[in-house]
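One-letter residues, chain by chain:
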Amino acid sequence: MNIRDAKYECMPREELEQLQLERLQATLNRAYKNVTFYRKMFHKSNVIPEDMQALSGLSKLPFTTKEDLRANYPYGMFAVPLREVVRVHSSSGTTEKPVVVGYTRNDIKVWTNLVARVMTAAGVTRDDMVQITFSYGLYTGAFGFHYGAEAIGASVIPTGTGNTEKQIMIMQDYKTTALVSTPTYAITLAERMEKLGINPKGLSLRVGLFGGEPLSEAMRSQIETRLGISATDNYGLSEIIGPGVAGECEYKCGMHIFEDAFIPEIVDPLSGKQLPAGSTGELVLTTLTKEAFPMIRYRTGDITSLLFTLCNCGRTIARMAKTMGRSDDMLIIKGVNVFPSQIGSVLTAVVGAEPQYEIVVDRKGAQDLLEVHIEAAEGIFFDEMKRQKAFLEMVEKKIRSVIGVGAAVKLVAPNTISRHEGTTGRVIDKREI
Amino acid sequence: MLKVKNINTYYGKLHALKNISLHVSAGEIVALIGANGAGKTTILNTISAVTPPINGEIHFGGALINNLSPDGVVRCGISQVPEGRQIFKPLSVDDNIELGAFLRFRAGEKRKEIAKDKETVYALFPQLQERRKQLAGTLSGGEQQMLAIGRALMAKPKLLLLDEPAMGLAPILVQEIFRVIEELRAQRGTSVLLVEQNAKVALKVADRGYVLETGKVILEETASELLANKEVQRAYLGKDKKEIWER
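In the order they appear, the protein sequences are chains A and Z.
Mapping of the first sequence onto my numbering: residues 80 to 512, in sequence order.
Mapping of the second sequence onto my numbering: residues 471 to 717, in sequence order.
Source of the hints: derived by calculation from the structure; they are not laboratory data.
Backbone N, C-alpha and C define an ideal beta-carbon position, used for all residues, glycine too.
A couple of the hints might just be wrong.
Reference listing, derived: stretches of chain Z covered by chain A, where coverage requires no fewer than 3 residues with Cβ under 8 Å from a Cβ of chain A [claimed, not checked]: (1) 473-479; (2) 637-647; (3) 693-704.
Within a straight-line C-alpha distance of at most 25 Å, the following computed PhoX-like cross-link-like pairs (lysine-lysine) qualify [said to hold, decoys possible]: (4) Z:K628 - Z:K588; (5) A:K112 - Z:K586; (6) A:K86 - Z:K588; (7) A:K352 - A:K280; (8) A:K476 - A:K489; (9) Z:K488 - A:K112; (10) Z:K628 - Z:K674; (11) A:K413 - A:K477; (12) A:K245 - A:K280; (13) Z:K700 - A:K123; (14) A:K139 - Z:K488; (15) Z:K559 - A:K86; (16) A:K188 - Z:K559; (17) A:K119 - Z:K670; (18) Z:K628 - A:K112; (19) Z:K586 - Z:K559; (20) A:K188 - Z:K670; (21) Z:K628 - Z:K586.
Just chain Z, with the same shape it has in the complex (with noise of 0.2 Å):
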């Protein structure tokens, strides 16, 4: 469903991304892991045409969509969460939820569709239902991660490309955070692409990764092999703390 060929991606003269490619299928949930600078970020700003490449191609849904605007990535079906979260925080958590849908109602969408939508993203995240006119500014960060998520949910994509959502969180809440991208998945069959530094806790809900160094992809297996996979463990995932205290 996603088809990334070759892409570079500069900030300035800084080489980002070095010939990247990589895909997500429709329905699945795909990491990208590495460290910090690894140039994980970028990819979803490359792909939500924050940062446009300076070559290859980008596939979506078999078209195209290099050359578009960020809204028309958006419209393509394609929603970022992005890092931090970036909520507005003087308007209300429910008028942030009804922004996530801003190009519907552009597009002149029903109302009512729109408000049933809003519905379900409450239905999902009841800990937003109780504070609705509340504003997004003085949630949690565990609330606020839900609120950008469910922003995103918004406009309804097939494609949710998720930054760091488990950043700053109690483990608990990193839990159900997880817990609601696999029933989105399982429930609406929309895909994830999800950078994360806590690879982890990706890989135990992904089905594959990529591992990026320095710009560059070096290993794509499945979730499972990667967790197993000993060099990724101790550069990504943490030393085995058995190594340091029972020696």
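If we strip away everything but chain A, and leave its shape as in the complex, we get (with noise of 0.2 Å):
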């Protein structure tokens, strides 16, 4: 069993929402001795940290958003004096100013050891050579493995992003046997591959971690074909550490999440209410361990879905779902919240790849009206009518038991749909607001 830390990552529930309640109390002792945003913020609401009784609780808290922490740049969220301080690191910020994460000592013994457990469920061991093709810089990505795989004891080839070529080299020559990567850029790797006549599967590469986007089940099976590896996901985001907040297992059916450090809920991304285990909605975190950065409900903008139950591998801790894009990209079509990539996946379990297609969205009258286009391609068109009618109305049969409207399935000529950057189809809402 790829298991880090069983004691934790096994543990029976009740003894796990104890121990959460415990951190909890202790995280929110801390915020608001500590973070004036924090202190005021308990105060607005009119409650005070020993009002928190019970993990329920937390839900009478308010968020804590991107522009919160916009707002308290550089320093104005740390909850601890400067000189414990002992890293900073920052999201990506281009137009905006970023956003200014930091750790102590503790927290990154803490990241560390979280990072290896997903990679040690991922089925990295001290035997392996990683090869981590993350930009060494302010992100949070490349240290974070780095350092986890060096405490699994694997050996750690820093490559850093770029030079395709060189990367190429370095994994036949120095015989990489996992890659830390995006899932783009391991397509890319194997591309450039195939390009230069190298096999892949030649080489030594054995286990492949993704992040920095999601991984389709689509890049997935092309990822663990063409290279040759098992794939696994994971998740992070570094206002809450960076990598480590969650990663799959071998049976690779969701990702686990540390709750022992993090309390995930999923919440409307609208209203804000609190949705019950298995709804799809933004994922909200609760950081339990971190002494210099705690985060008490931060909207990740990620959208998912939270499992609580036993998996087989004996993990009891919950699993989300693939983020299935940001809270940002969520449609309202007939009062229903539609995430486009959810109609993107329903297309690839279809197609069996992700095709190109388009939403519509546009209004009459009263009502709002919903289309998907897809390019006609092999597997989709199909010469005979009766056919063609079946496939289309057994997509929109499909789309609607996944988002519950109803879409009308259109089939388009190849190529008339132009082509967009991202892992989602194109959406073109005509309403006015």
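Dock chain to chain to rebuild the complex, using the hints, since each chain is given by itself in its own frame.
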């Protein structure tokens, strides 16, 4: 079993919930005492940390948003004196100010261990050579995996980004067994290898850990087939800790969230109301061990769902589904929250690979109209009219069952949909606000 | 094994414990550290039902024990070694130890069994063996501490609550006391909830610790993490001498 900390990862839920309650109360006490923003937040809500008597009470507290973090740039959210901060990282910030996060010595230890858990679950051991192709800089990805791999005892090859041919040469010569990269870059590597006439399966590559973007099932099978590796997904964000929030086990049926370190919640992106287990909504995370940068009910903006049932691997901690887009991508059609990526996954499941498609939303009178235009291609276009109609009807039925609203699925000629960057299909919302 | 949830204890109007939650698992040694007046002793007294909480829950071995009387708590398997030892000065060492089994006598347990346990205590503390008939009040501080622990052990506790065992003792005796604590856990699987102002020595023997500040838990970490935590060091372990002398 690839479990690093069975004591915590397989803890009986009653014990786990007591631990979470204790750590939550301690975190709230510390945040209240040391962070002005949180003290003000408590006062505004007329709540004091002592009122937190159960995990369910967490929903009484307001959220922390990215805007709050930006407004407290750079160190406003830090809960310890700067002299105790041994590391500073930041999230990407193009036009607006980035979010600056800090770590105490202990935070680094905890972070390292969490990433080590993710990597252990993915099958990385001390015998592995881990090539890290994330950017070594202010982002948390590279350092997170670097420290985590070292903690396991694996050998780290910190190549950083870029210079694909050199990366491939290193993979061959240094006998890399584990690849850490974005899903897109893994495909890029596979393509370049094929172009160079190098058989990826002839390399020592065994396992891949991907992050930085969601890993769709389509991409996962592509990567696994082309590179001949086992690809696992994992989740993290620098505002919470970096990589190490959640990771897939060998059963690849959801990413296990380390609940001894984070409390996950799913809320409705619009109303903010907490949703029951199994519902799809925005992931909200509360840190339980962070000293320098505790976060209380941070809105990640990522859409997913939570499963609290026991996994075959033996872990009792909750699993989160693949993130299916950002809450900002969300559409409201006939009063129902719809995520474009949901439609994307239905199409992928039906066709086998994600087709070129486009989502068009319009409004006639008082009715929202949803249309999905798919480009004709092999497996989608059939000569027989009857077969074609049946296919489209089947897709419509599947879409309706997943998103809860009806969509009209239409075929369009090849190359009529403009190619769109990113993993979700293009959305054209013709409705006027 | 011990699960404390959201307890609030008052001394009259003084809110001494504010929504405290903690736990001690079987075979664990957990330290409670914090400044004077933070509420550490109050937690032990609350668990022992000496100063019952006004709300919250205390579970032990799966059963709710908040509403038990202090002797009920002892019968459940929790024994407290109070701050300042509080041994019975006019009585002999031997009588003090026997009195620790008071409830067992009352319950009609066989004297032979209790006598056997007494010998086990003497085996643990040979210094007391030599002074069996001596009046407890004439023992040294270290010997009195050992006696207090020995007395508590006679109730056959599954969880030992230790209140400032190192207080007023010479370093070599402190080492001895903590060696015994570790031995108790190793040999008998006794869990320990340990209150200590000498946080360094407590964290060296403990598995985990809770840091208390004005009646609230502000930190829960493993003992090694707490020892490394600079803020804890500064507040409770004493200033780093290097800073002062070697600037």
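Please verify whether K188 of chain A and K670 of chain Z have alpha carbons no more than 25 Å apart. holds (20 Å)
Is K119 of chain A close enough to K670 of chain Z, meaning Cα to Cα at most 25 Å? violated (35 Å)
Taking 25 Å as the top limit, are the C-alpha atoms of K476 of chain A and K489 of chain A close enough? Cα-Cα ~13 Å, so holds.
Please verify the coverage claim for the stretch 473-479 of chain Z: does it have three or more residues whose C-beta sits within 8 Å of some C-beta in chain A? holds (count 4)
25 Å limit on alpha-carbon distance, applied to hinted pair K413 of chain A and K477 of chain A: Holds. K413 of chain A to K477 of chain A sits at ~18 Å (cutoff 25 Å).
With the threshold set at 25 Å, check whether the alpha-carbon distance from K352 of chain A to K280 of chain A stays at or below it. The given pair, whose Cα atoms are some 48 Å apart, is violated under the 25 Å limit.
Is K488 of chain Z close enough to K112 of chain A, meaning Cα to Cα at most 25 Å? holds (14 Å)
Between K628 of chain Z and K674 of chain Z, is the straight-line Cα distance small enough, at 25 Å or below? holds (22 Å)
Pair hint outcome, K188 of chain A versus K559 of chain Z [Cα-Cα no greater than 25 Å]: Violated: K188 of chain A and K559 of chain Z sit about 49 Å apart, past 25 Å.
Given the proposed pairing of K628 of chain Z with K112 of chain A, does the C-alpha separation stay at or below 25 Å? violated (36 Å)
Residues of the stretch 693-704 of chain Z with Cβ under 8 Å from chain A, three needed, outcome: holds (count 5)
If you draw a straight line from the CA of K86 of chain A to the CA of K588 of chain Z, is it 25 Å or shorter? violated (37 Å)
Hints 2, 5, 6, 7, 13, 15, 16, 17, 18, counting from the list given before, are not met by this structure.
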